[in-house]
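S.K.: What follows is each chain in one-letter form.
Number of protein chains: 2
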Amino acid sequence: MTYPLLEKLYKAMEASNLDSIVVNPGPTLSYLTGLSFHISERPVVIFFTPGKDPAIVLPDLETLKLGHSPFEMQAFPYSETPSEWPKAFEKGIQAHGIKNKSIGVEPRALRILEYRFLEQAAPGATFPDASKALDSLRIIKNSDEIAKMRRAVIIAQDALKACIPLIKIGMSEKELAAELTIQILKNGSSPELPFSPIVASGPNSANQHAVPTDRRLQVGDMLVIDWGAAFDGYFSDLTRTFAVGEVDAEFQKIHKIVQEAAEAGRVAGKPGAPCAAVDIAARTVIEKSGYGVYFNSRTGHGLGIEGHENPYMRGDNLQILEPGMCYTVEPGIYLPGRNGVRIEDDMFVTDNGVESMSDMRREFQVVG
Amino acid sequence: MTYPLLEKLYKAMEASNLDSIVVNPGPTLSYLTGLSFHISERPVVIFFTPGKDPAIVLPDLETLKLGHSPFEMQAFPYSETPSEWPKAFEKGIQAHGIKNKSIGVEPRALRILEYRFLEQAAPGATFPDASKALDSLRIIKNSDEIAKMRRAVIIAQDALKACIPLIKIGMSEKELAAELTIQILKNGSSPELPFSPIVASGPNSANQHAVPTDRRLQVGDMLVIDWGAAFDGYFSDLTRTFAVGEVDAEFQKIHKIVQEAAEAGRVAGKPGAPCAAVDIAARTVIEKSGYGVYFNSRTGHGLGIEGHENPYMRGDNLQILEPGMCYTVEPGIYLPGRNGVRIEDDMFVTDNGVESMSDMRREFQVVG
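Line by line, the protein sequences give chains G and L. Using the working numbering, read the first sequence as starting at -8 and increasing by one per residue. Using the working numbering, read the second sequence as starting at -8 and increasing by one per residue.
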């Protein structure tokens, strides 16, 4: 009961008027317990309630994992027979005395699968959004966490550097993505990457969330590569955009605008500044250039143990930056049906400013 | 409106008394639409209602993806400002006229995030479990799908074969897992693996869902490797267990029992047999040997576009096997604190029997 992270959690819960919090497998569960559970058809939940040892509902066959827990847990295991699962949820709820209490949930992680068991076991409970309490713990990274993120950045950069000489006209997006994935792993990433690399060429590069296709690189393409690595549970997330052979002058021009917008966004962060300031700084450069309508996303997102987390760099977000917050700056210009450009770096807020963890060359560069 | 898969979906919905179905990013969405959306903090849902073009609620910046849809869709895009998102959900619900209808959901996929927007936009609707209707479409694989799964099996087998000569005493589980991941990709897997390989040695091998650690292989270990590959959206999922140097005679003995149990489970499937028969066949071998208490999981799970899907090989599952169903057979004996053994193959039900897609050597084998 004196595990410092849990004490912090209970304080955050008090500030949010939550009697309990329930988490299922995902980044928050790993963050709070150090345990690895995968999301599956077998529901797993942990209840955190001040004054009680955390209670976990889990399959029998995963109980061995609890030996690695940094604190005592009450375990309510269930067998492979689904009709017995509601009972395990009831026991967990009962052990914490929260049948009629407010049990905070994480809307981004908890599924209907777990939720229906919870509702059934605690029909009088309410299930408010606990994101604020949970995010308040995770959003400030300490120096250990920053060191891991720096390492994830270096792995990612080294991986792409190893790939650049291999990029050839005629290579498919999928082939390049496979090679980059291999290089990310060879350079020391954990096997579960934050996301599968995006390699998007020509018209596909105008799609911000493109998936690599069989399209082959051709002269005149812009080539967006958005990739990241994982180190000890912490992520990097970077983007660079290349020209394949000689490209239309307009694409070189938008590359320069995005480079300037990214620079403006990178330097705009500091303790005390609102997230909006980062978005506005980058967006203003693109709007002044006349391409504002082609930059239809926020400028960045928080980064850490999830690919996207708080804080978000949006023009309407007045959340104040504090030392230890980490986020991406990734403005872009996307010309539908033609080409797109994005440049993305990973920032952290220092005691008196902001620093980019990534430093790979951002200037216009021809490959192929 | 004449897209055959949708016609099948609408029939399955009618049989389940569902007016509509809502899916969010995941295997079912990809299966029904061929589109790739990732689950994120920006909710995406598609409504399928007979007589209407499917309606999608999605971020502005992902609308380019809809060009790849095989059928017409009504799009309700939203901007980066979260306060505007409820409106997009309302419009989608309104377009399908399902504000007071039964809207089926997938409990394993849908999150509280999407669910709360749905409840708000359709306060009079009910949200029953649509798994049965959706699973009925996916559970029978056609010959194209089987061909993709066979390919995923071959990629996985070739990858492990390439790794076996590299396994050395003193190597860590993580190092071996990294090498295996690289080999899976080099052998042609899609970059998003069904799961990150499990490499579990010694006491860790008794944990069925182990995550690779820094533990180094030592003489006397059993070494469980559970790995898979992806090909064009379809998965393989295999396990082999090796002996590191000379091992205790008991471990060689349990390896033989598991090998026999796996064989019994593999031959037990056929059209008309219940899933339970597969589980019972494998389990009986282990129970007769006296190790029944150390096999505390089901014998297998369905496999296809998800790592675990219907049908499940459990002793209480009377679901009848039909040609085209695919599933794993993976009995094991797990001696807590000591060692574990598991052997897993990927089966498909033929017109008059069952066939294993995997054929890699299963006999006791010493490595290191």
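Treat the hints loosely; a few may be bogus.
For chains that are exact copies, the list does not tell them apart, and a pair is met inside one copy or across any two.
In silico DSSO-like pairs for lysine-lysine, Cα to Cα no more than 27 angstroms straight-line [said to hold, decoys possible]: (1) LYS82 to LYS279; (2) LYS(-1) to LYS177; (3) LYS152 to LYS43; (4) LYS78 to LYS139; (5) LYS177 to LYS152; (6) LYS56 to LYS165; (7) LYS159 to LYS177; (8) LYS159 to LYS244; (9) LYS56 to LYS244; (10) LYS244 to LYS78; (11) LYS56 to LYS261; (12) LYS247 to LYS123; (13) LYS90 to LYS261; (14) LYS123 to LYS78; (15) LYS2 to LYS244; (16) LYS165 to LYS177; (17) LYS139 to LYS279; (18) LYS82 to LYS(-1); (19) LYS82 to LYS152; (20) LYS139 to LYS247; (21) LYS139 to LYS56; (22) LYS165 to LYS152; (23) LYS177 to LYS90; (24) LYS139 to LYS92.
FYI, nobody ran anything at the bench for these hints, they're computed from the structure.
S.K.: Is it within, between, both or neither when you check LYS139 against LYS56 at 27 angstroms Cα-Cα?
M.R.: Within one copy only: 24 angstroms inside a chain, 34 angstroms across chains, cut-off 27 angstroms.
S.K.: Between the shortest in-copy and the shortest cross-copy C-alpha distance, which are at most 27 angstroms for LYS56 and LYS244: within, between, both, or neither?
M.R.: So LYS56 and LYS244 pass the 27 angstroms test across copies only (26 angstroms; inside, 54 angstroms).
S.K.: As a check of your reading, is LYS90 near LYS261 (CA-CA no more than 27 angstroms) within one copy, between copies, both or neither?
M.R.: neither (44 angstroms within a copy, 46 angstroms between copies)
S.K.: Can you tell me if LYS177 and LYS152 fall within 27 angstroms by alpha carbon in one copy, between copies, both or neither?
M.R.: This pair counts as both: shortest intra-copy Cα distance 13 angstroms, inter-copy 19 angstroms.
S.K.: What label fits LYS165 with LYS177 when the C-alpha limit is 27 angstroms: within, between, both, or neither?
M.R.: both (18 angstroms within a copy, 12 angstroms between copies)
S.K.: For the identical chains here, do LYS2 and LYS244 meet the 27 angstroms Cα criterion within one copy, between copies, both, or neither?
M.R.: Classified as neither; 51 angstroms inside a copy, 53 angstroms across copies.
S.K.: Within a copy, between copies, both or neither: which one fits LYS(-1) and LYS177 at a CA-CA cutoff of 27 angstroms?
M.R.: Cα proximity of LYS(-1) and LYS177: none, with 37 angstroms in one copy and 45 angstroms across.
S.K.: Checking an output row: LYS159 and LYS177, CA cutoff 27 angstroms. Within, between, both or neither?
M.R.: both (21 angstroms within a copy, 18 angstroms between copies)
S.K.: Given identical chains, is LYS244 near LYS78, meaning Cα to Cα at most 27 angstroms, within a copy, between copies, both, or neither?
M.R.: So LYS244 and LYS78 fail the 27 angstroms test inside a copy (63 angstroms) and across (37 angstroms) alike.
S.K.: 27 angstroms Cα cut-off: does LYS123 pair with LYS78 within a copy, between copies, both or neither?
M.R.: between (30 angstroms within a copy, 23 angstroms between copies)
S.K.: Have a look at LYS82 and LYS152 and pick one of within, between, both or neither, based on CA distance no larger than 27 angstroms.
M.R.: Neither. Shortest intra-copy (53 angstroms) and inter-copy (46 angstroms) distances fail the 27 angstroms Cα cut-off.
S.K.: As a check of your reading, is LYS177 near LYS90 (CA-CA no more than 27 angstroms) within one copy, between copies, both or neither?
M.R.: neither (49 angstroms within a copy, 52 angstroms between copies)
In summary, the numbered hints that this structure violates are 1, 2, 3, 4, 10, 11, 12, 13, 15, 17, 19, 20, 23, 24.
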